[in-house]
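J.: Sequence:
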Amino acid sequence: YGYRWMGGNQLWYVHRNNMHDMDSGSVVGWVDNSDQRHDFWKVFDNYLAKNPQTKKVWWQLCIPQDQSNILAEEVYPVLENIRKRIPNVQIYVSPLSDFPDHPCEITGIAGVERAKSLAIELDEQFDDVHLGPILGPLYAHEIGEEDHCHPNEEGMGKLGRQLKEFFDVELK
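Reminder that position 107 of the sequence shown reads as 89 in our numbering, one-by-one numbering, no gaps.
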């Protein structure tokens, strides 16, 4: 959401009331999409319908610490679903931010590190997958206290600035 605060306009517009539409969207959650509370592909399709000119997608890889053994092959269905929906798409993948002061309680250190290595693996394996922006780090004063993972307003502004710097160049 901070991307819009910083004046970015290259990524899909998400209304403030909908900024949590894809929360809990771990890599495994996107692969199996079996959580009835979060139909990530339905949300994706709704945004894509509003933005039919989309040719590039950014995917920030959230890997909970208990899923940090995920293999690159296990995420191929997500890439295939994106390609099916957007022919000739270019996909940018990024890990979550580092949390130097306090590890994210969801990903721990293992999940963030696996997301870093997975992003590199996918970039190396596919011509249409690229390393996205490396955001952060997020310090304690920039994250919410409920799970020590999601950025507060200050953190959203920081990440938004970094996203804007990256995508204002990459998406033009």
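There's no promise every hint is true.
[As the list claims (entries may be wrong)] DSSO-like mimics (lysine-lysine), calculated; alpha carbons at most 30 Å apart, straight line:
1. Lys24 x Lys66
2. Lys98 x Lys66
3. Lys37 x Lys140
4. Lys38 x Lys66
5. Lys140 x Lys24
6. Lys140 x Lys32
7. Lys98 x Lys37
Keep in mind that the hints were calculated from the coordinates and are not lab data.
J.: Confirm or reject each hint.
T.: These are the hints, each one checked on the structure:
Simply put, Lys24 and Lys66 have alpha-carbon atoms about 14 Å apart, close enough for the 30 Å limit, and the pair holds. Taking the CA atoms of Lys98 and Lys66, the gap is near 25 Å; set against the 30 Å cutoff, the hint holds. Distance check on the hinted pair: Lys37 and Lys140 sit about 26 Å apart at the alpha-carbon level, within 30 Å; holds. With a CA separation close to 13 Å, the supplied pair Lys38 and Lys66 stays within the 30 Å bound.
The straight-line distance between the Cα atoms of Lys140 and Lys24 is roughly 29 Å, inside the 30 Å bound, and the hint therefore holds. The straight-line distance between the Cα atoms of Lys140 and Lys32 is roughly 27 Å, inside the 30 Å bound, and the hint therefore holds. Among the hinted pairs, Lys98 with Lys37 is consistent with the structure: their alpha-carbon atoms are about 24 Å apart, no more than 30 Å.
Every hint, counting from the list given before, is met by this structure.
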